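Those sequence lines, one after another, are chains Y and G.
Residue numbers for the first sequence follow the numbering used here, so the first one is 1 and each next one is one higher.
Residue numbers for the second sequence follow the numbering used here, so the first one is 329 and each next one is one higher.
FYI, nobody ran anything at the bench for these hints, they're computed from the structure.
Each hint should be verified, as a subset may be incorrect.
[Stated by the list, open to error] Once the Cα atoms are required to be at most 27 Å apart in a straight line, the calculated DSSO-like pairs of lysine-lysine come out as:
| no. | chain 1 | residue 1 | chain 2 | residue 2 |
| --- | --- | --- | --- | --- |
| 1 | G | Lys-535 | G | Lys-373 |
| 2 | Y | Lys-54 | G | Lys-373 |
| 3 | Y | Lys-140 | G | Lys-498 |
It should be emphasised that the depicted structure is a prediction, and the values quoted were computed from it without experimental measurement.
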Amino acid sequence: MDAIVVDELRKRYSDVRALEGITFGVRTGEVFGLLGPNGAGKSTTVKVLATLTKPDSGRAEVAGRDVVREPNAVRRAIGYVPQSSGVDRDATGRENLMLQGRVQGMSGRALESRVGEMLELLGLAEAGDRVVRGYSGGMKRRLDVGLGLVHRPQVLFLDEPTTGLDPEARAAMWDELERLAEGESLTILLTTHYMEEADELADRLAIVSRGRVVVEGTPEELKQSLRGEAVEVELGDGRAAEAEAVVAALDGVLEATVDGRRLRSRVASGARAIPSILSALEAKGIGVEAVTTHRPSLDDVYLHYTGREFAAEDEQGRAGDSGGNGPR
Amino acid sequence: MTIAVRHTWFMVGRQLRNLMREPIWIALLLVQPMVWLLLYGQLFKRVTHLPGGGFGTTSYITFLAPAIVIMNSFFGATWSGMAMISGLDRDVLPRFLATPVSRISLVVSQIVRSALIAVIQGAIILLVSLALGVRVHTGVVGWVVMLTAAALMNSAFAGLSQGIALLVRKEATMIAIANFIGLPLFFLSSTLISIRQIPHWMQIAAKFNPVNWGVIAAREVVLPGTDWNSVGFHLALLFALSVATAAFATWTFRAYQRTI
Ligand SMILES: Nc1ncnc2c1ncn2[C@@H]1O[C@H](COP(=O)(O)OP(=O)(O)OP(=O)(O)O)[C@@H](O)[C@H]1O
Ligand SMILES: [Mg+2]
Numbered sequence: 001m002d003a004i005v006v007d008e009l010r011k012r013y014s015d016v017r018a019l020e021g022i023t024f025g026v027r028t029g030e031v032f033g034l035l036g037p038n039g040a041g042k043s044t045t046v047k048v049l050a051t052l053t054k055p056d057s058g059r060a061e062v063a064g065r066d067v068v069r070e071p072n073a074v075r076r077a078i079g080y081v082p083q084s085s086g087v088d089r090d091a092t093g094r095e096n097l098m099l100q101g102r103v104q105g106m107s108g109r110a111l112e113s114r115v116g117e118m119l120e121l122l123g124l125a126e127a128g129d130r131v132v133r134g135y136s137g138g139m140k141r142r143l144d145v146g147l148g149l150v151h152r153p154q155v156l157f158l159d160e161p162t163t164g165l166d167p168e169a170r171a172a173m174w175d176e177l178e179r180l181a182e183g184e185s186l187t188i189l190l191t192t193h194y195m196e197e198a199d200e201l202a203d204r205l206a207i208v209s210r211g212r213v214v215v216e217g218t219p220e221e222l223k224q225s226l227r228g229e230a231v232e233v234e235l236g237d238g239r240a241a242e243a244e245a246v247v248a249a250l251d252g253v254l255e256a257t258v259d260g261r262r263l264r265s266r267v268a269s270g271a272r273a274i275p276s277i278l279s280a281l282e283a284k285g286i287g288v289e290a291v292t293t294h295r296p297s298l299d300d301v302y303l304h305y306t307g308r309e310f311a312a313e314d315e316q317g318r319a320g321d322s323g324g325n326g327p328r
Numbered sequence: 329m330t331i332a333v334r335h336t337w338f339m340v341g342r343q344l345r346n347l348m349r350e351p352i353w354i355a356l357l358l359v360q361p362m363v364w365l366l367l368y369g370q371l372f373k374r375v376t377h378l379p380g381g382g383f384g385t386t387s388y389i390t391f392l393a394p395a396i397v398i399m400n401s402f403f404g405a406t407w408s409g410m411a412m413i414s415g416l417d418r419d420v421l422p423r424f425l426a427t428p429v430s431r432i433s434l435v436v437s438q439i440v441r442s443a444l445i446a447v448i449q450g451a452i453i454l455l456v457s458l459a460l461g462v463r464v465h466t467g468v469v470g471w472v473v474m475l476t477a478a479a480l481m482n483s484a485f486a487g488l489s490q491g492i493a494l495l496v497r498k499e500a501t502m503i504a505i506a507n508f509i510g511l512p513l514f515f516l517s518s519t520l521i522s523i524r525q526i527p528h529w530m531q532i533a534a535k536f537n538p539v540n541w542g543v544i545a546a547r548e549v550v551l552p553g554t555d556w557n558s559v560g561f562h563l564a565l566l567f568a569l570s571v572a573t574a575a576f577a578t579w580t581f582r583a584y585q586r587t588i
């Protein structure tokens, strides 16, 4: 049975269409990643699944329960870690966990020992009785995850669990999540901007753009779905747009996008394309600093599916909502 | 229902525990009501001798003390929505919405917390006034009535304040509105001076002022010749208003949920 069913969800906020028929399924016990640019609708999807907001149309089920018709059954079955931390900063870590357990219907010894266990598991045993205000970003984020897990949910929603963490804290969080996914036999739905994170954690993933899934599969499948090789050219000066046009027009180049001073292209064969790319750029007098080639990575997959619309979309996303899309 | 009560209790506990961690806040909580009492008590000491009277006592502090209990409770209530705004801003309240927590408890607990604090402060004011020589004519019953009036006064306006907080969701706007409502209602009442001493149109307006309802109920039980009908009537008015504003706050919370 699927732990999460998302079928043709639509939702608009006044004039912004956040979800436009998003559809996917997550199997029980799986870690599923949602990737996509700012404003793509990842958080909105999670908020619908976590019963914070209702869709305009479409259907969604979590742990076999309909999110609109049986919200309380869903709420007992899920843990939700929002994009922006919802911990009570004036309370201690332990108090936060105790209260969360209580509203989930736990009490007494069982609750106390579960909270102790969670603090241990999250590496917060020593900090547990300190007020959260004094926690580091990583500690606070781990506590957020703990709040989602204290009542042993079947399904856990993680909305950008590692955004804002330093690389070390991020790696620690990944280990943590991997351990939890195994130990607690959880189904996890995770949104992220980090390809590396999706690659590392997700069994399957979907790339979302403009409120719809554009492609879905295991990281391996997605990488293999892109034919050829990726060639990256580090440009010497700022004529990126011109370089893109020149390279995209060449034979044997399947697509080309620029990302700052980096020109990413996907080609049928690196050995044949690199000389022609270099000579075409040289003919235009565009300087080149470095060239690398590799098999398509998840980055390339992401750019392939979102790249061309990326610039426009990002603008729109920012206009609609300046940055952090925490529940408001 | 029992779930709603239990969850309200959890949420009140959360707020009070957090406040207990703020020593300056606690100090001000205790000191502020006394400042009102001593400041106004000295400032207007002689007004009871004004021609026209209507004070029912020659001791101004006796006249003033019950009204300060109400005034303090009223001002506390107008600010109670600030905690709701910071709860929303810090995403603490939205997080609870993904749990089976009773929605009503998230709103009602804010009102209950506010009213509890008002009752504690009211008790302090009454203890200090006792020391200053104020005698409550109806004794213990009078104390209970005054603290009940303080609780009702507070919840009536805390409900309003929560509702406004949920509609505006901005601290600066909330402060402006609290000031806009607070001071006029305070001055349009017999808090500081006998109703007979204020202009006629203000006397009429005061009849419709909930702050004045509280002042009347609290003062009646302190001064001799208590009119119990008036006490009961004004407490009932405050109770009705509390129910209405709590309903308003709950409604605005639903409206807020639709914007998530
Ligand atoms: N509560 C809200 N009120 C109004 N508009 C909203 C609200 N939440 C989201 N939106 C809009 O819906 C669109 C999708 O937002 P969403 O938060 O789902 O994107 P996202 O994929 O999570 O983006 P990010 O990567 O930036 O977190 C955006 O245009 C956003 O501005
Ligand atoms: Mg988001």
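Verify the proposed pairing of Y:Lys-54 with G:Lys-373, using a straight-line Cα cut of 27 Å.
Status violated; Cα separation ~60 Å.
Quickly compare the C-alpha distance for G:Lys-535 and G:Lys-373 to 27 Å and report which way the hint goes.
25 Å, holds
Are Y:Lys-140 and G:Lys-498 close enough, with their CA atoms no more than 27 Å apart?
25 Å, holds
Hint 2 from the earlier list is the only one contradicted by this structure; the remaining hints agree with it.
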